[in-house]
Each structure stands twice: as structure tokens, then as C-alpha cells.
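Residues per chain, in single letters:
Number of protein chains: 4
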Amino acid sequence: MKSWKRKIRMGMGGGGEGAFIGGVHRVAAALDQQIEMIAGCFSRDFENTKTTGEQLYLDPSRCYRTYEEMAEKEAALPEGERIDFVSVVTPNKMHFPIAKTFLQAGIHVVCDKPMTFTLDEAKELAQIVEKTGLVFALTHNYTGHPLVRHARKLFADGELGTVRKVIVDYLQEFLCVPHEKLGMKQAIWRTDPAQSGIGGTMGDVGTHCLNLLEYITQDPVSEVCADKSTFLPDRALDEDVNALLRFKGGGKGVFAISQVAPGEENDLKIRIYGSKGGISWAQENPNSMEVYKIGEPKQTLTRAGSNLSDVAAAATRIPSGHPEGYIEAFANIYCGVVEAIRCHIDGRPLETKEYNFPTVYDGLRGMEFIYKAVESCDKGSVWVKM
Amino acid sequence: MKSWKRKIRMGMGGGGEGAFIGGVHRVAAALDQQIEMIAGCFSRDFENTKTTGEQLYLDPSRCYRTYEEMAEKEAALPEGERIDFVSVVTPNKMHFPIAKTFLQAGIHVVCDKPMTFTLDEAKELAQIVEKTGLVFALTHNYTGHPLVRHARKLFADGELGTVRKVIVDYLQEFLCVPHEKLGMKQAIWRTDPAQSGIGGTMGDVGTHCLNLLEYITQDPVSEVCADKSTFLPDRALDEDVNALLRFKGGGKGVFAISQVAPGEENDLKIRIYGSKGGISWAQENPNSMEVYKIGEPKQTLTRAGSNLSDVAAAATRIPSGHPEGYIEAFANIYCGVVEAIRCHIDGRPLETKEYNFPTVYDGLRGMEFIYKAVESCDKGSVWVKM
Amino acid sequence: MKSWKRKIRMGMGGGGEGAFIGGVHRVAAALDQQIEMIAGCFSRDFENTKTTGEQLYLDPSRCYRTYEEMAEKEAALPEGERIDFVSVVTPNKMHFPIAKTFLQAGIHVVCDKPMTFTLDEAKELAQIVEKTGLVFALTHNYTGHPLVRHARKLFADGELGTVRKVIVDYLQEFLCVPHEKLGMKQAIWRTDPAQSGIGGTMGDVGTHCLNLLEYITQDPVSEVCADKSTFLPDRALDEDVNALLRFKGGGKGVFAISQVAPGEENDLKIRIYGSKGGISWAQENPNSMEVYKIGEPKQTLTRAGSNLSDVAAAATRIPSGHPEGYIEAFANIYCGVVEAIRCHIDGRPLETKEYNFPTVYDGLRGMEFIYKAVESCDKGSVWVKM
Amino acid sequence: MKSWKRKIRMGMGGGGEGAFIGGVHRVAAALDQQIEMIAGCFSRDFENTKTTGEQLYLDPSRCYRTYEEMAEKEAALPEGERIDFVSVVTPNKMHFPIAKTFLQAGIHVVCDKPMTFTLDEAKELAQIVEKTGLVFALTHNYTGHPLVRHARKLFADGELGTVRKVIVDYLQEFLCVPHEKLGMKQAIWRTDPAQSGIGGTMGDVGTHCLNLLEYITQDPVSEVCADKSTFLPDRALDEDVNALLRFKGGGKGVFAISQVAPGEENDLKIRIYGSKGGISWAQENPNSMEVYKIGEPKQTLTRAGSNLSDVAAAATRIPSGHPEGYIEAFANIYCGVVEAIRCHIDGRPLETKEYNFPTVYDGLRGMEFIYKAVESCDKGSVWVKM
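Chains as they are written, first to last, in our numbering: chain A, 1297 to 1682; chain B, 1297 to 1682; chain C, 1297 to 1682; chain D, 1297 to 1682.
Treat the hints with caution; some may be incorrect.
Derived list of chain B stretches under chain C, where covered just means 3 residues or more per stretch with a C-beta under 8 Å from a C-beta of chain C [as the list claims (entries may be wrong)]:
(1) 1322–1331
(2) 1430–1440
(3) 1572–1585
(4) 1658–1667
Listed next, the in silico SDA-like pairs over lysine to any residue satisfying Cα-Cα at most 25 Å (straight line) [unchecked claim]:
(5) A:Lys1565 to A:Pro1529
(6) C:Lys1675 to D:Glu1519
(7) B:Lys1303 to C:Lys1449
(8) A:Lys1681 to B:Thr1526
(9) A:Lys1298 to D:Glu1350
(10) D:Lys1589 to B:Gly1591
(11) A:Lys1572 to B:Pro1529
Calculated directly from the structure, the hints in this document are not laboratory data. This one's a predicted model, so the numbers in the text were calculated from it and none came from an experiment. Beta carbons: idealized from backbone N, C-alpha and C, even for Gly.
Could you build all of it, start to finish, from the sequences and the hints given here?
Following this line, the structure appears as C-alpha cells:
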């Protein structure tokens, strides 16, 4: 197959010096040696773009002043020379225009979450993706963990019954300190509604929770009742949200997120209890997962243990006991992207039938959740249907 | 002091053969060798009472046909011979009439939770306790844990700032199986509104959660929005409840309880985050607690470690590393009761000024919480003020 | 049966004010309400004995000046009035003379470990126990844990194959500080060879390790090669010992104990790997045990879970998830003693055929181990056969 | 600086299809995007080399029939075009000849452990490295973990006092099954003394333990007493070793390794207790480490927490709470190599003065340890000086 003759070629929008998530995307893309990073517009500040490009050993002619220029010039190059896809790692505000521009130029897109600045943009983006038929992946990276994929399989296979209760928490200390007043770039845009949108913590960590629980259970949230809080002075966006959830299948859930939880680093935990059994998984120790079935002893499954489903086993690189982590799971999203782009190049269908990464519809779902949760809060924390 | 010349004398209402919590009360009372069990009406079935009495090496003349008879005859005996207090360990329905009868006979009372069958009874009981001036203790046993007492001290001393977020979960597998149809005594009455009252899981484990979080934070819940569920057929009461909480001090919380959570045994966990730090404690591993302060490494405090407050240290019997558990914490409630009764006998005030155990007001609070949560659910899971 | 008409009556040698383990024995004996404490000689200082007796609500006439007097006078009382057994909780030096005196007076004995001051005493004591036919129990309390009993059953049933590797650690911080110079009673006698014997840490915690591993595996240690250390100045006895072990069945082991390990409280852990599977159990979290079988996921068994053997289930009081600990396991030794004494009184055989507690032979084994390990060290850490 | 104008160029000896550790080296080298893989002789089977090269998108002209040819032809290319270093990832037997060949051709070397097939080779290799002045790194990858580096700093700074006790375990299930009879390549050579050398498990995992403990404590092992075992039939090498250790500084240790421990995946744990405090770290959960200081609560430090030393912080890529693992630590070794090679190219000294990775002397030390431990065993498990 033609596509396997070369690495897939990547460009980046955002992720210049001083940024956080851009570097994560590059590391994740590099890990499996199927992708080469060859172009970028890393910042609105062209000096930053040039310095960043140099640090990444890029050809200076592939470092662009604007993303529009990058889309245009790259698209004009022949296939195999031009970038195959661009990763969009800017603040939320810019996700949509950049993604749209590249898609319309015929270039596949990987985009960080939350997908867009507004819900309307999300809807429009979904239409563009449909129309272009290009690959669009959203980096809800936690679905890249092998044990998360195994959990999804357990529910899909009915081994744990129908979902009755979900408890998902995502707690960080990040915003206990007013970093945005102390010059931290990421805190500045995350706490600024003009760059982040209507959700603060809701957009940053809340959308991961929704995506994770719907990914595992495949049982969509049908109603939400949320209560958001802002504790530090001079902040406009939510720092903390609690919510009650109801699922289409009749189950119920609680959702507790915070970026003002002292001592918590990236404490995402999910427990799901069904009619026949349950699971418990925590992002900070992603190499094991507890599985319960009524009447049996608790089992601890491990990331690459001998008792995993094929889908889980396919997402792990090294033997059990040799821990993989955040980067490896993130890289699994990129693996799915590489596979999809290769299929696109070769004009053949995906073996897995559906994309093995979160899509534009996951991104749309996340934006709907932000909007519904904020609506719930604005109306006095009432139930809102999704 | 007169009271120290002898052990304190205990009677029991309920707790005959086949019951669960009565045995726990007896073990807890025996542990510290300050109490002797001497009388009882263990069942409505006098044969059961006689057999139970025999197994407990009681004088047959102190095994009574009815609790009314027991209250009357014991009260007629001279002090030092009669029971000093009675422990009420029946299904909820009988708590109030028994407690009332003994209090009116001048006998102190220890009572299991939830305190009464109805909220009105709870209010009346509070008045009776006030009027009689007798000791009344409610066995919210989890407040007997040394580290829980230390957590309360940390919040009382302001070391962790004002409360911003509370997450409390209490999960059990207990009712995943229809034990009430299979003859299990405890499941029969717990799932029967005629014996349990309007709260099922809410009364059984939910009141512990409320008590625990208000005990530690001393910041009362001011509003609740609850969503209850019943999954198994033919059940009338809640098996599972989720709720959002708001605190008087401005903090927020989530509350997730279930008795249909496969694999969970008695999984009560509480995490409280304040403006300066936080704590995390889990009932199943009660000998350690995590304490976080912003900017400092996480600390793990241990039950009898050298860094505990006096109140915590006073509630532990053996050196750190030698685990204490459920019974020992339960026994700490009885230690407080013994101390209060001894003070009452001697006519001297408590050194600690306030009772070192949950009181009738905690019981009243618990009943209010059940009623408010059920009201919230009945109205469609709306916010209800407490 | 005659014996079930009354509680079993207990006396105590040692355990006066200021002592540690005496209080533990009393709590453990009280827990299950089958034993009443009625007599004692708690100290060589009669004032201490009297005060202690008063605190325990004893009849002053049952508080004795010397243990010889106690043995003589108690033995002269009729059965049912006299003590059925005595618990010996003095420093090691006095174990033998007291135990011998009571056994010869026809009174059963419970004794703390290590059993005697010298190996010769241990041999003589075994003969006395044999000759008198009385109950003698040694409080290697860790064998009282339900999950330890379950582990023994797993090996006995061959479920884990033959033992290949044992790793046992027992670490404490206790002697990092020269407490014996600061007046701590227990540290004074424990660091004094004239009161403790030839083993320091070896006697205090090392004998527990040997007992625990032989109890579980039923595969005796056949050779030992030990290396002992003393780090603090002015100490005569070992504070820390490492050893290699060989088992009769061909397996091997390491043994690492210390009382100068900063931060460790009572950190006894045992891991045993057989040809088919293995277990891991830690005293500080005794309510769960990991069980592995080749090719299967790791299981976590819990103290009162539904997957335990009868022997384990029989040693637990309360449902799983409600943690039991050190005292409860200690109390299980006393339960076995009560059962054995009741059988003795009734003249009937034990249902379990063998005593359900460590016996004089376990004590003798422990003393041999101390002597062999010290011999190994004294010869330059060479292999010594047991 | 000249070196920063381009990526460092890597070749590989070994690591063809069917091998394990070669892929790990490639992933680790790719992660930080400072290295490009451009040449290889992946197997003695040239077909395998060609296929592997194709999968890695290598220029076919850089895929070589023999390592000698590769060394010769690469060395003949100009700097910047030729490989800067080669990674040697063959079975132990071939480490020395390959490393020697490349060093003598002027090419830097990264080599897997144990360093050589015999101790004599190790000595000769050290001399070659000294003479050539080239970079030689041994992938004792566990020293790449940020918290391991922090632990070393704590001991170097005297914060935990002098070492008194070390407990190191490294347990795997790997060889419980006779994989070498079932065709597993790695098991075949690992269990074959003709390919592995005189140590089996000792070479594979034992050398990691020695390296790790000496790296952290900087207190060399001065004496060893070892006891090795082989349990499965038809195996020539050790599967399991226990050893007692003595340190130059007066401390003592135990060492327990096994590849026949059911249920254990890659269970490397190290606990080190000094006169003032101690640490506990486990490879399977490398993102946290417990630190104890006498009189203070236990602390849990995290991989990228705010309380780490600069050396630890420098070895981490992503924020705390986002777990890094085996690959990231392995990549840290490569980061050190890249830095050293860049300095070599630029003719400038290392900022850190010493190499930030295990060197040929660590490899020599490891080989000495294997030989001394085997000597100890062969003489009946006696003490042997190092």
C-alpha cells in the first residue's frame, strides 16, 4: 500500500514557546515513529514561530506567518511533500477558524478540546467534516488508555449489565493560586471567557469526563442538573462544577470537577456500576483497573495483562508491569489518526469500520454538554435535557 | 468519684438471635471493660430473648418479655443495681417508643440510626431528652474514628481554610441481590417502608454521610437537590441516591450513595477541599488520612502517629501500625457515653463541655435530611432548603 | 455442656500501669464477652497491682503480691470460682517461671512471645505442658487474622503449589530514638539482654515472622543464614536482622526485620510464591489479601468476603468492608483458648482436632530460631541448620 | 553551537522483528525528537534486517548485512551524515564485540545491560571507552526516573542520614512457564548460558537492582552472600536469587529477585532506611515516592510536584498527575546521551560535569556483581567481598 512507503507528515497550529499542550501533541506524535513534524505556525508572533521551528529542526520555509498562509502553501505542494494533517493546539477561540481553513484546503485535522469556542461553531464544523470527508480527530486523550478501551468492551459485551450508577470526578489544584495574575500563559487564557468560551473548568476538564463516561458506557447522558462555582475574586468563569446526571438507559450519575481542589494534581477517576458488575479506573494510575462482578472476588486487570480484550491489547506497546502513562495514551489517539489517514491515502476502508479516536461528533457532544450545564446553572441549577 | 467504683450497667432493646447491629453494640460496649451487659428485651419473641440472654450469661430475671416491663422493673431497682442505660438496636420503627419509654423511666439511652421512624418523632424525642436531662447518644459510629476527629480539629482550627468542595460517597453491594425475598431479616425490614420509614438507603447510609461531613466541617448543609432510584423490582424504597449539596459557608458538595453497587463492601469515602488545603479519608482504611496543604507535599497521617491532635490521640488504644477498625471506632462512641453517664452519676460537668458522641440533635438533623431529600426527589429533584 | 453456663475466668501476670501488652490482652479477651477478668498480680510493685486492680474493678482480695501466691490461692478455690487461666504478659525473663508455676498449679496459661528467656526453658516448658495436659497458648496474634488463616488453607489445599519463594519483612521505627535512655519502660527491658534474652528485635518481631510463614506454608525453615546489626550506641542487642532462609520443601526465602526503620510503624508484610500461584498480605491493611494464580487476573480477597474458606469466615465478626484489625485478630487467639478450655472443662475433644492457636511447640520453634540465627551471626553469618 | 543545528543520528545493532528491547530503545529515542534513526543491522538474518528497515522507513542503503560492515561504512561518511551513535540491543553474547567495533570506528555507543557476556570483556570495554574518549551509555533505565534522581539527591544532601538498611525486590512471573520450549525468542536466549553468560535472572533483573541501589545511596556494596535457585526442569541458569548485602558505609541489605513469582509483572521495589529518614519507591507506580523523616508525617512526593530538586524536575516532561512511565524514564537516558554527544561534537564540557546516564563503570560493576554473587553461590552461599 502506497501510504506505508513513508511517514505521515504533520503540521501544527499553535504550540509555540511558552505553551503547554503543543509539546504534548508533538511528543505523542513522535512516539511511534509513524509521523514526522515538518511545518508550523506556532504563534501569532512570527519570531516565536521561527524560534520554535528552529528548536524542532524544521525547514525555515515551512514556518509560516499565518495559518491561512500555511494552509494555502502546504495545500499547493504535492502529496507526500505537503503536510497530511495539522494539529490545532491554540486556545479554544482559534480552534474553529483554523480547523475550518485546513479542512477546506483538503488537509486532515487533529484538534485539542473543547472543540470550539461556541456551540454554533461546533455544529458548523461537523458539517464541514462531513462535506469534506476528511479525517478530524479530537484529542480526548483518556480514551486512548488500553484499560479504558477494555472497560468499553466489557460494557459493550454486556458483561457488567446495564448502567445504574456512574461517579466521575476530575480534580486539580491548578487554579487555587491566581496564576493568571502572575503571568502564566495557560491560566490567562483559560480564565478568560473571550478566549475559552462560556465554560472554564467545564470546558477544560468537564468535557473529558463526559466523553470518558459516554465512551465507556455507550449510554448517553440524557439530562443534567449542574451547580457551578467561582471562588477566587476577579474570575469570570467556573472553577468548580457539581452535577447530577441521568442516562438514556435509566442509570444515574454524579459528576464532580474542580480546579480549586488543593493537593489534587490530575485526579480523574471513574466508577461505573451496572446490574451485573462494575469498574473503577483512575487516570493517575492508569495501568490497572478494578473489575467487580457480583459474587466474584475483585479483580485487578493490568494494562497489558493476559486477560484483556484485543482492542485493549492493541493499544499497548510494552509488557505489563512496565508502566505506560499520559503520553502513551495520547499517542494512541495519533495512532488512530495515522491509520485513518493511511486508509484515506490508499482509498481503502478502515479495518475497524469506525474511527479509533474521538471524532467531530464527540466534540459537538462536548460543546452541547457545556451549553446545557451552563444553562442549568443559569436557571438556578435545574434539570436540562440533552 | 462514686461512679468509678463500678462498671456502668447496660441493657438492650432488640438485638436478639438473627439480628446484626445488636451484636456490634455489645462488642463495642465490651471492648473497653467499662460496661457490663446485664439486662435485655432482645425480641418481641420471648423465646428469642431467653436464648439470647442465656448466650450472654445474663441472669434470667433480667430478660424481659416487653421493653415496657424492662423499663419499669429496672427503674424500680436501686442505682448501681439497675441498668444505667439501654441500647436501642431494633428496626427504625421501634426506636422512638423504646427510647421514650426508657428516658421517661429515668434511664439513659443509646440509639442506633436513623434516630426515628418519622421526623415528628425526632422532634418529640429531642424535647424529651431536653426535659429529662438524660444522656442520649446516637451511634453515628464513624465519628468515633481518631482521624475523623483529627479532621474536624483541622477545620475547626482553620488550618484548611473555608470549605469549598465536599465529595462524599457511600457504596455497598448489599441490595444487588433481593435478599428480602430470600429470608434475610435485615434486608426484609430495611426494604420495608413500614419498618424503615420514608428513606431506604438514605436512612441506612445517607444519614451517616450527612453526619460525617457536618461533623468534620461544622459547616451545615443549607440546601439539597436529590435524585433517588430504585432498580430492583418490587422494592418501594430508594436503593441509590445522588445529591448536590450547598453549605451555609458558601461551599458546594456532591453526595453519592448506593446499596446496588457491585463489588463495594462498605465504601464510605470523604474528600473535603477548603481554601487552604484538604483531606481525604476512607472508612475501609481508617488508619490513615491524606492531608494536603497548598504548596506542601501530601502528608499521610496515621491513626496513632506522633502528629495528631489530642482529641484524636485520646480516641486510640494501640500504637500506630497496629490497625484499629470499625469496632474500635464504635467503642469510642460508648466511651463517650460512659464518661457522660459517670458525670451524671457524680453530678459533675463534662470536662469536654460538650458530649463526645452524636446527640439527639444529630439524630434530628439526620431525619430532616431524609425528609428534605425525599421532598426534593418527589418534586422532581429540585433544590430544597434545610 | 457445663462449660457454657458461665464465662471463662482470667487472671493476669504482669500488665500493670505503664505496661503495653497487658492492656492489649485484656481488650482482646473482653471483646467477645466469653471471658471475665477476675484476678491478677500485675507488677512486682504491689501498689501498682492494687491500683491496676482497682481500675479493672477487681475484687481487692484477688489482687496478689506475688504470682506464686496467686497460683496457690487461686488453685485452692473451687472450679467456677477460681481463674481458669492466667495470661503471662511480663518481660520475657519472667515468662517461664510464671507459666511453670501456674501449669503446675493446674491452671491453663496464655503467654506472650517470645515464649521464654532461654531455649532450655522452652524445652522444659514443652515437657511441662505435655505432662500436665493443660492448655497453653502463645500469642502469635497475627495468625488470628482471617485472611492469614485463608492463606494457610490455600497452601494446605495445594491451590498455590509448592513454596518457591518467601519474602517476609517486619519494620518498625520504634528504636530509632534511644527511648530506653528517656525512661520508656518497654524500651528499657526490650534493649536489656538480662530481661529479653539473646534476641532483641529478633525476639520481638523476628519470631512473629517465622511463626507467620511456617503457619501459612506449613513448610518448615530448614536452614538460616543471618546478619544482625546494632546501630545506636550503648545497645547490646540486635536492632536489625537480615536473613536468608531455606525451606524443607526446597523453597527459599528472605527475611528482613528492623526496629530502626524510620517511618515504619508496624510494617509486617509477607509474600509467598508457589509453583502455581502466590499471596501477598500486609498486617497494616489486614482486611485484604492479594491472591495470584498463573494465567488469571489478580484477585483481592477481603476479610469477610463471600469467597473465603470456612476457617477464615469463622474468624471474623462483622461484614466485609467494616474493617477489623489488630485487636480482633488478637481476640481470635483468645477465642481458640476459650474453646479449648471449655472442652477441657467438659472433658470432650476439640472439634477442630488441633488447637486453633499457637502452642508451646510454636514457642519452642521460635526460641530455636532465635538461637540458630544468633549462632549464624556469631559465626560470621554462615548457614546453620534448624 | 554546531550540534544544535540538527538531530543526533542513531543506528542500531539487533532489534529486528521478533525482538523486544530494540523497539523500546527506538521509542525512547524518538520521544524527545532529538534523535533520528537512520541505519541498522537488526539481525544476523539480512532478510529480517531489510524488513525491519523498511518498517522503520530507513534508506535501504543504510541497512547492513553485518555490524562490521555497518561500522566501517558509517564511519566513512562525513559527520552529520553518518550515525553519531549505535544502540546495541542484541542478546548479551554480542554486546562486547559490537560495542568494541563501533567504538574503534569512532562511533558512540548505547548498550543494553548486562554490559557484556563475561567480566573480562567488561574490563576490556572500560579500557576501550577510556582510550577512545567516546560516549558509552548503559541503559539501566530505572535511574532515568525523576523520583529516583530525587532520592539520590536526598541521600547526597544528607537529608536521610547514613544508610542502615536497604530492601530491594525485583519479581516477575516471566519464567513460570517454560517459554523457551514454546518458541519465545527472548526466553530462549535468556535461559541459555551460551548467549546470556553465567547469570540468568541475576543478569537480567539483578544488575538493575544493584545499579539502582548504588545510584541512589552512592554507598557501594562491599560484600555479598547469595543463594540462587532453579526450579523448572532443564534450565541451566538461575531463575531466582536471594542475597544479603553489606555496604561500605556500614549498612546492610537484602536483595530478592525472581522470574518465577506468579502474578508479579515487573515488580521492582526499593526501600532505603538511613539514620535520619527513608524512602520507598516502586517501579510499577513510578510517579510517586514515599519519604519519611523521623518525627514527621509521611510525605508522598510526586514526579513533577512542586517540592522536587532541580535534577528531578529536569527529568520530567509533563505536569504532575499526568503519569509518565517506563518509556519516559528510558528516554531520559537517551536525553543524557544526546547532551553528551552534542558536547562531544561541539568540543565543550558537560554542564553537569559527569554523564547523566549509567556508564561503562556501572556496567563493569554489574558484571562484577554477577560474578561475585555466582561465586558466593558456588561456594555454598558464603560471603564474598566486592
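Okay, the hints, checked on the actual structure:
no. : hint                   : result
1   : 1322–1331              : holds (count 6)
2   : 1430–1440              : violated (count 0)
3   : 1572–1585              : holds (count 5)
4   : 1658–1667              : violated (count 0)
5   : A:Lys1565 to A:Pro1529 : 29 Å, violated
6   : C:Lys1675 to D:Glu1519 : 16 Å, holds
7   : B:Lys1303 to C:Lys1449 : 41 Å, violated
8   : A:Lys1681 to B:Thr1526 : 21 Å, holds
9   : A:Lys1298 to D:Glu1350 : 13 Å, holds
10  : D:Lys1589 to B:Gly1591 : 19 Å, holds
11  : A:Lys1572 to B:Pro1529 : 15 Å, holds
Of the numbered hints stated above, those contradicted by the structure are hints 2, 4, 5 and 7, listed in ascending order.
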